[in-house]
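Residue numbers (this note's numbering), protein chains in the order written: chain U, 1 to 432; chain E, 1 to 125.
These are calculated hints, taken from the structure and not from any lab test. Take the hints with a grain of salt, since some may be wrong.
To be verified - Label pairs and their in silico Cβ distance ranges:
# : chain 1 : residue 1 : chain 2 : residue 2 : range
1 : E       : Pro80     : U       : Gly79     : 45 to 55 Å
2 : E       : Ser66     : U       : Arg2      : 44 to 54 Å
3 : E       : Glu14     : U       : Ala157    : 48 to 58 Å
4 : U       : Gly267    : E       : Val44     : 46 to 56 Å
5 : U       : Gly79     : E       : Ala11     : 33 to 43 Å
6 : E       : Pro46     : U       : Leu180    : 55 to 65 Å
7 : U       : Ile8      : E       : Ser66     : 31 to 41 Å
Stated by the list, open to error - Going by beta-carbon spacing under 7 Å, a handful of chain U positions derived as facing chain E:
#  : residue
8  : Ala66
9  : Glu294
10 : Gly309
Said to hold, decoys possible - So the derived list for chain U, only partly shown, Cβ under 8 Å to chain E, looks like this:
#  : residue
11 : Gly182
12 : Arg205
13 : Ser206
14 : Arg293
15 : Leu304
Just so you know, even glycine gets a beta-carbon here, dropped at the ideal spot from N, CA and C.
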Amino acid sequence: MRGARDLIQYLCVSAGMALAVSCFLVLEGLFRYVGGVQVAIAVLVAGGLCLGVAAAVAELASRYPAAPGIRTYFKQAFGNRASLLLTFVYLFMLALVAGVEGVILARVIALAAPQQLASALPGALLALVLAMNVAGVELSRRVQTLTTLLMIAGVFAIGANALLDAPAALGAPAAPETSLAGLGTAVALAFFLFVGFEWVTPLGRSPQAYRRSIPWAMLGAVVVLGAMYALFALAIEHSGSTGAGHSPHVAVARFALGEAGIALAIGLSVLAVFTSLNAGILGASRLVYALAREEQLPRWCARLYLRTGAPVGALSLIGALAAASMALVVVFELQLAAAAVAAAIVSVTYGALLLATARLRRQAPATTMLFRCPIPSWGLYAGAACLVALGATAVLADPLRHLPMAIAIVALALLAFLAAPGRAARTVAATR
Amino acid sequence: MQAHESNDLHACLERFRDLANANQRVCKLIQGWRPVIVISPTDVAPGEDAPVYAARVDGAIGAWRSSEPDSDWTIRLSAPQEVLRQVFSGELNPARAHLDGSLQVFAEDRDQVKLDAISLILWGV
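The following block holds chain U by itself, in its conformation from the complex:
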C-alpha cells in the first residue's frame, strides 16, 4: 500500500514538474509545421524518446541515489568543466521557461480580467513563490500530488469533452502540407512538453526508491504527459483552435464546456503556473546553493536566512533571472522562440544524459545496480545523436529568431562558467 502511494507521489512530482501552461502554447505552435493527427504523432514520438531518456536517467539515479541530478551525472561522466557548462545552460533555460510561463499567464488572465491586473499577476505570483520559499513554506508532497492530479484530470476532461461531446468546428486554418522535415521539427519542439520530468530523481526517500518507484514514476509520468498532450492536440484540431495563439487550452475549454470552460481553463492555468514556478524555483535555487557551496558560484549565493534555513542568496539570483526573463519575453514577444530554444536545450541535455549513461557503463561498470536501463549502449549512443540532431532542428526551424537566442543562452552560460571560481577543480573519479 505504501509502495503504491509512494509511486503515485513520485509520478505526480515528475509529471508536475513538466506540467506548465506554456506547453499549450507549444502544442498550438506545432500546427505550424504539421497538421491534425500528425501533431499527436509528433507528441507521441517525442514521448517515446523521452521514455528512453527516463530509463537511462533511472539507471544514472540508481548509480547515484539522491544526488542532485544532471550536475552529478555529467560530472561523473564528462568531468567538472563539461558538467558545469551544461548545468549553467540548463539553469538559464529554466529562467527562460519561467519568463514564458509568466507571459502566457498574463495573456490568459487578460481574457477575463482587466489588462493591468493581468500584466501584474505573473510578477505577483513570482514574488509570492519567492516569499513562500524565504518563509520556509513548502507545499507538502500530498498537496503537490493533489494539485498535479487535479491538473491532469482537468486537462484530460477538457480534451475528452471537446473530442467526444462537441461536433467539429468549421473554418479552422488550413493545415500545412505534411513533410518529413515538418514532422521532425514538430518532434523537436514537442520535447518542451516533457521538460523537467527527471527532476524527481534527487527526491527519493530511501535507496530502495531507486529500484522501482522512481524509475516507474518517471516512465509513468512520460506516458501520462504524452497521452494527455496527444489527446489535447486532437482536441485543438477538432475544436478549430489552431489559430488561438497563446491560449489554445482556453479556446478548447470554451468550445467543450462553454463559459464554465473558460473559468476552468483559467483556474488550471493559474494553478499550473504557480506549481511549475514553485517547483522550478525550489529546484533551481537548491542547485544554485549547491553550486555555491561547491565554490562554483560566488559565496553570496549560499547565503541563508537562519530563521527558516532558506537559501536567500540562491533564491535572489533565480528570482532576478526569472524576472528579467519575464520582462524580456514580454517586451520582445519572444515566447514562441524562447519555448523553441528551451526545447532545443532540453533535447541536447537529454542526449547528453544518454551519452553519460553509456559512458559510465564503460568507465565504471557496476556489478550490482538497483535499476538497469534495458537499452544497449549502442542504442544510447544512437539516441544521443538523434536527440542532438533534433535539438539543432528546433533551433533551425526559424533560425532568424531562434539562433540569436540560443547563442545568447550559451554565451551567458559560458560567461558564468568562465567566472566560476572552482571550474578547474578535479572530479572525483566515478570508480572510486
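Got chain U sorted already, so can you dock chain E onto it with the hints?
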C-alpha cells in the same frame, strides 16, 4: 569494517552534536525543526550488520543512538565511514561530497539545506 572505525564515527558524531548544540547560530537555524537524522555507513564487511546511528532533533540535536526510531520525518545519510567521519568533523564539504555522489542524502530539499548549513556555520566548509 573495523570496530575502531565504527567507534571513531560515533565519537565524531558526538563531537559534532556538542559543537552544534553549543553554537547559537545553529540553535537558531534548527529551532522548530524536528526530524530524525539517521546515519548508515555503507562499507560493511560481508556477514556483518550495518551499524545505524540516529539522533532526534528538537530544539537541539539529541544523543546518537544505535537503533532507528520510528519516525516519518527522517533525513537519511549513507556513505562510507571515512566520508561520514570527514563530513561530521568538518574536513570535507558535505555539499561537494553530495554532488560527487559519495554522500547520499535522502531528505526533502529544505532539510538537506539545513543540514548542510550546520556544517557551513560550524566550520565554514
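Hints versus structure:
1. For Pro80/E and Gly79/U, the hinted distance range of 45 to 55 Å is not satisfied, since their beta carbons lie about 23 Å from each other.
2. Remark: the range hint 44 to 54 Å for Ser66/E to Arg2/U is contradicted by a beta-carbon distance near 25 Å.
3. The supplied range of 48 to 58 Å is met by Glu14/E and Ala157/U, whose beta-carbon atoms lie about 57 Å from each other.
4. In this structure, Gly267/U and Val44/E meet the distance hint of 46 to 56 Å, their C-beta atoms being roughly 52 Å apart.
5. The given range of 33 to 43 Å is respected by Gly79/U and Ala11/E, whose C-beta atoms sit roughly 36 Å from each other.
6. A hinted range of 55 to 65 Å holds for the C-beta pair Pro46/E and Leu180/U, which are about 57 Å apart.
7. Distance hint for Ile8/U and Ser66/E: a CB-CB separation of about 34 Å, consistent with the stated range 31 to 41 Å.
8. The beta carbon of Ala66/U comes within 5 Å of a beta carbon in chain E, closer than 7 Å, and the hint placing it at the interface holds.
9. For Glu294/U, the interface hint holds, since its Cβ comes within 7 Å of a Cβ in chain E; the closest pair sits about 5 Å apart.
10. For Gly309/U, the interface hint holds, since its Cβ comes within 7 Å of a Cβ in chain E; the closest pair sits about 4 Å apart.
11. Below 8 Å, beta-carbon pairs count as interface contacts, and Gly182/U has none with chain E, the closest being about 41 Å; its hint is therefore violated.
12. Interface hint status for Arg205/U: upheld, as the beta-carbon distance to the closest one in chain E is roughly 6 Å, under 8 Å.
13. Proximity of Ser206/U to chain E holds as hinted, the smallest CB-CB distance being about 6 Å (cut-off 8 Å).
14. At about 3 Å, the closest approach between the beta carbon of Arg293/U and any beta carbon in chain E falls short of 8 Å, and the interface hint on this residue holds.
15. Because the beta carbon of Leu304/U sits about 5 Å from the nearest beta carbon in chain E, less than 8 Å, this interface hint is met.
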